[in-house]
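K.L.:
Chains as they are written, first to last, in this note's numbering: chain A, 1 to 556; chain B, 1 to 352; chain C, 1 to 368.
A portion of the hints provided could be inaccurate.
Stated by the list, open to error - Have a look at the derived ranges for each label pair, beta carbon to beta carbon:
1) B:K73 - C:S282: 54 to 62 Å
2) A:A541 - C:N133: 33 to 41 Å
3) A:R382 - B:L136: 21 to 29 Å
4) A:A300 - C:E162: 46 to 54 Å
5) A:A541 - B:D199: 53 to 61 Å
6) A:L339 - C:N133: 43 to 51 Å
7) B:S168 - A:L307: 42 to 50 Å
8) B:D64 - A:P289: 34 to 42 Å
9) B:L136 - A:P289: 24 to 32 Å
10) B:D199 - A:R382: 53 to 61 Å
11) C:Q350 - A:I42: 17 to 25 Å
12) A:F51 - C:L128: 47 to 55 Å
13) C:G366 - A:G386: 56 to 64 Å
As the list claims (entries may be wrong) - In the EDC-like style, the derived pairs of lysine to aspartate or glutamate whose C-alpha atoms are separated by at most 20 Å in a straight line are:
14) C:K215 - C:D189
15) A:K332 - C:D258
16) B:K188 - B:E30
17) C:K138 - C:D117
18) C:K365 - A:E225
19) C:K215 - A:E225
20) B:K73 - A:D385
21) C:K182 - A:E225
22) C:K182 - A:E329
23) C:K177 - A:E329
24) B:K73 - B:E53
25) C:K155 - A:E329
26) C:K365 - A:D55
27) C:K257 - A:D340
28) B:K276 - B:D348
29) C:K257 - A:E335
Hints were generated in silico from the structure; no laboratory data involved. All C-beta atoms, glycine included, are put in the ideal place defined by N, C-alpha and C.
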Amino acid sequence: MRASLPRVSVIGLASLAVFLPLGLIFYQSMLNAPFFMPSKTIGAGAFEFIFADSDFWDSFKNSLVIAGGMVIIAVPLGGILAFLMVRTDLPGRQWIEPLLLIPVFVSPMVLAFGYVVSAGPVGFYSVSAKQILGGVPWNVYSLTSIAIIAGLTHVPHVYLYSSSALKSLGSDVEEAARMTGSSPFQVARDVSLPMVTPSLLFSGVLVFFLGFEIFGLPLVLGDPEGHLVLATYLYKLTNKLGTPSYHLMAAVAVCIVGVTFPLVMLQRHLLKNAGKYVTVKGKAGRQRPLPLGQWRWVAAAIVALWLFLTIIVPLSGIALRAFVSQWGEGIKLSEVLTLDHFRTVFEQPTLVRGIVNTVLIGVVGGALAVACYTAVGLTTHRRNDGWARFVDYLVLVPRAVPGLLAGLAFLWVFLFFPPLAPLRGTIFSVWLAYTVVWLAYGMRLVSSSLLQVGPELEEAARSVGATRGQVNRHVTLPLIRFGLLASWLLVFMIFEREYSTGVYLLGPGTEVIGSLLVSLWSTGGADMVAALSLINVVLVAAGLTIALRFGVNLHD
Amino acid sequence: MTKLAVQDLHLSYSDNAILKGVSMALQQGEVVSLLGPSGSGKTTLLRAVAGLEVPHRGTILIEDKPVFDGSKKFEVAAEKRNLGLVFQSYALWPHKTVFDNVAYGLKLRSVPSSEIKQRVDSALQNLGLGHLGDRLPHQLSGGQQQRVAIARALVYNPPVILMDEPLSNLDAKLREEARAWLRELILKMQLSALVVTHDQNEAMAMSDRILLLNNGVIEQQGTPQEMYGRPQTLFAADFMGSNNRIEGTVSEVRNGATLLAGEGWTLWGESRGAAKASGSKATAMIRLERVRVAEGPGENRVRLPLVTSMYLGDKWEYLFHLGEMRLRAYGREALSTGEQWLEIPKNDLWVF
Amino acid sequence: MRHLQKAMLGALLTLAVFAPILAHAQAPAGYPANYADTIAAAKKEGKVVIYSTTDTASANPLIKDFQSLYPGISVEYNDMNSTELYNRFISERAAGGGSADVLWSSSMDLQIKLVNDGNALAYASPELPHVPNWASWKNEAFGTTYEPIAIVFNKRLLSGDEIPQSHADMIRVFTQKTEKVKGKVTTYDIEKSGVGFMLITQDSKQNPAFWDFVKALGAAGPRFQSSSGTMMERISSGENVLGFNIFSSYALLRAKKDPGIGVVYPKDYTLVMSRVMFASKSAKNPNAAKLWIDYILSKRGQTIIANQAELGSIRADVEGDQTLAGLTKTLGATLKPIPVGPELLSFLDQTKRLEFLKHWQQAIKGSK
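Here chain A stands alone, though its shape is the one from the complex (with noise of 0.2 Å):
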């Protein structure tokens, strides 16, 4: 098959980019040094060393406990709460939509942090049951607490692409299922989130994924019961042995990358066998919200539980945790009221560089990351062929990658490829780490919106003339304007709490919240973190609600 030089140069740029961290990790994996080092030598020791350590076992056995439990978790939540919200009348919509999002960009070890100040041992939600109830009845340290809060908090990644389906489906579907007797919730199960099956999948194996990535969380939660998982293994990797060893971080994350593969066959297997789906004509039906009548109030519950138990609880935890001196078991929360948390974050010296740094990666990056990834989600537009396959299992192993490792292997490259190396220390290093990182997910959700588009418009366009360049530029580019802007603005939320992959790329002049963040964890100023998320979160909420007033819509 023909492939045009622009869109074999984007595949192979894009290759480059995801291969040369990757490739590095892999050649780790197969020495007993650090590779830089004249001593090494090849072998499988690190390999036979991980796989004779038992906590590697118990780490990848709680890593799938995990994974599998958010995608249970997750995926149909979020399929239901992206029919609620973009097929019914549920109240309230408009208010729901933001705060869904929360979780997306809150630091997941803030959040953790967060839910352990609510509703750990001794919480101030805990310690209140204990009053009435005489005992704490749940444990945020147990396995399936750490699952369940996990699942919860990854609702929004499976409710950003599955409303974007949802957004291109007629209404006359539903309509048909409700002629003969079918409740909004039959409707919902058994017409309209089958039709979306493909952004369900893909969100499921994503939603995996980033299971087998998670970090914070379990780092936080998983510490007092002794709750490995395959990020927080890797942690003590780097310390367990003395100096840190690469070789056996590499060969655990060759380990889960070699679980990506069968994941994304799976993925494909289904979609294929599966026919097709939804297909938008030139003209979408209209669009009539589901009436839901007396299961309103059903699903407003459903709704309130959710945001109750992932972003209230958390986000109280943190709020308080900025305003008192102390809490805990003993604490009478009036007497301890204070805002001295903030004023010692403003005295920061580096608050003000960091939040601009921050805000221009999120912004300047984040524009920029969704040019490229809108490129790479062009060359698999409407195209089944062997390019496309491929660019399907390069985009997600990135992300397979655990941040802690990930970071250091772009320092690597950075480091050790001559053309690459007068950018290192620049902020271009930072930037191009973040978007590779997070290809899959950011890729992903331009497609969906080109998928919305009526595939009979390029045709036309073709049809008087227009090559596949013209037609990408003066047909489908423009009627995903929405679409873009909406993927910039998540990828802006996802950049601007990113820490982890670029840590070893920032300096002193490039610093971000999440640095300031870490830094303030490790000396035990967790007050000021709290404090410091708090204004994190704010800022970035009051962003997005402007930005929704102003008529960018999630979907168009």
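Got chain A sorted already, so can you dock chains B and C onto it with the hints?
P.N.:
Relative to chain A, chains B and C alone:
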């Protein structure tokens, strides 16, 4: 000159063969309809000519220049074929005005903007859209959108214009007016057009020639009169017009006429298609309008009870039924139930 | 407020001591005569790049003061955790790309390893006579702070004899006050934390009843954490009531704002750790690096370390509670500083380390 020539075209989707060897030619100034039931491959054939589907065998030539050759794996991209294509859904770009929709093709051909303005304005005028240049597609009616789609396909004077079900999205009343108007436009502009339709009336009204497709091959092609008056296969006969089907057994064959026999009746009909042996089963067809209610018994007449009469405005349609024989006929007045004699003229009864 | 007054006092003292020298903007007293050349060369270099685990907020007073002492030399201060520091430095050095001029980390053993691997610049600082012998090695690695390791407890929930006063006393509290402390004792997860591991191995050297201690700890149901921040947060909230091997510098800082935190220096022995600093052999600004090291070890710098950075001064001639001088007065011979030297390397040997970890796990679990 032959504007379009298709030779032995084969096309498959995965393992499904859609076109199984189609050949046709379109001459200058001709309107050819691709007619057939759904699944027959007519839209696929149109899209293959346009370059939006890729066959695996055969050739396509536009103005004697090859744009597809399966044996050489040669293919010209859709955007280079310089054809006009009108989509069933019109596919107007929602973000461009009417003017910009039509002008886009000229812009791509680097036509200077003053000339673009003049040509687009004249195209819009020709189609009665002169005042709508600044509107957006969603502000137009269906009929107006259709005309914009046509203007867009014509403005750069392609050798052939392709139309996919141009009238099916219009309501019934508009459809009749539109087909007359479309035929007039095509004649006036001396276009060569290939039109896909599933409506045989439309095909007959608009075209110079009809290609009837069945399951990926051309069943029969010819002028509308040939297709209607001299169908060569049962399928072709059945597809055109409104028909009565009579099943029976061949009892005698003589000089191009066949005697068909059934339970309590025999009828002479014209032999069509392959020769039939005596005693074999055969199906005969007669157009509704050829059946006549007669006054009494006679040659090639049957007596059947009337089930019901349906008033159609300009005529009545009668339904007769007895056993395995079911006949419909037209007439001028209402008939009371009871038995009637029906004449089946033997030249109008085709036995396949 | 007190903070500010202390700072002003410190500044006045410094000025009083150094005023005559500042007036000349030349080498400080007691320095070799050619020091002025070093200063001139450093000014030409124009900056010093530091990788450090000390957070920027704490280091700021030092940076500002250094820059006022040597205008024209800017300080590029990168703060990161000890693993990141190690990874970044060795990768950058291997690639030959630019890296740090000075490395300053609380992970003593990793620093010694880097020095042992030949990464350090040998430099006989003129301030060396003023720091204790155990605080420097080969003129390459220098201990710069004096941070005792303490026991931290929750003041609301523990009182009287429930508060252990020494390591031996902790065994008593674990075994006799079990209802109070069961499942609520915390310390570093020594597999996850390099610093934690180092402190425990030092304990194994100093505590004659070390393995009994570990078994008692195991019976008490310990909760292991990966950072001192989380440990103190959990002690303060009451989720845990007792923690050990915690940096007193962090604990005291916390206790200032948080009346729930109590700090005890173990009376049988109190480990003292010191943040190790060395200059890189391949430093691009070696002279500026030397100036920085001398500054940190000087009385002026150490005064700020003690009073503003609150990390404890290693010089005997700096006054204050949190200094070698002040603490020696109160704790005397029970202070056991961890020597900056090659003994720290022994547990970096993989076999020995894993052996210790296995023994540790057995002792912790065995008692359950």
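K.L.:
None of the hints should be skipped; say for each whether it holds.
P.N.:
Outcome of the hint check:
1. B:K73 - C:S282: 54 to 62 Å: Cβ of B:K73 to Cβ of C:S282: about 60 Å, so the range 54 to 62 Å holds.
2. A:A541 - C:N133: 33 to 41 Å: violated (57 Å)
3. A:R382 - B:L136: 21 to 29 Å: Given about 25 Å between the Cβ atoms, the range holds.
4. A:A300 - C:E162: 46 to 54 Å: holds (50 Å)
5. A:A541 - B:D199: 53 to 61 Å: Because 57 Å falls inside the window, the suggested range holds.
6. A:L339 - C:N133: 43 to 51 Å: At 47 Å between Cβs, range holds.
7. B:S168 - A:L307: 42 to 50 Å: Between B:S168 and A:L307, where Cβ atoms are some 48 Å apart, the hint holds.
8. B:D64 - A:P289: 34 to 42 Å: violated (57 Å)
9. B:L136 - A:P289: 24 to 32 Å: Taking Cβ atoms as reference, B:L136 and A:P289 lie about 25 Å apart, which means the hint holds.
10. B:D199 - A:R382: 53 to 61 Å: At roughly 31 Å between Cβ atoms, A:R382 and B:D199 fall outside 53 to 61 Å, so the hint is violated.
11. C:Q350 - A:I42: 17 to 25 Å: holds (19 Å)
12. A:F51 - C:L128: 47 to 55 Å: holds (49 Å)
13. C:G366 - A:G386: 56 to 64 Å: holds (58 Å)
14. C:K215 - C:D189: Measuring from Cα to Cα gives roughly 16 Å; hence the hint holds.
15. A:K332 - C:D258: holds (14 Å)
16. B:K188 - B:E30: The hint holds at about 12 Å.
17. C:K138 - C:D117: Between C:K138 and C:D117 the Cα gap is close to 13 Å, so the pair holds against 20 Å.
18. C:K365 - A:E225: holds (14 Å)
19. C:K215 - A:E225: holds (18 Å)
20. B:K73 - A:D385: holds (17 Å)
21. C:K182 - A:E225: Holds, at about 14 Å.
22. C:K182 - A:E329: holds (16 Å)
23. C:K177 - A:E329: Within the cut-off at roughly 19 Å; holds.
24. B:K73 - B:E53: holds (14 Å)
25. C:K155 - A:E329: holds (11 Å)
26. C:K365 - A:D55: holds (15 Å)
27. C:K257 - A:D340: Distance ~9 Å between C:K257 and A:D340 Cα, so the pair holds.
28. B:K276 - B:D348: Within the cut-off at roughly 18 Å; holds.
29. C:K257 - A:E335: Holds - the C-alpha atoms of A:E335 and C:K257 are around 14 Å apart, at most 20 Å.
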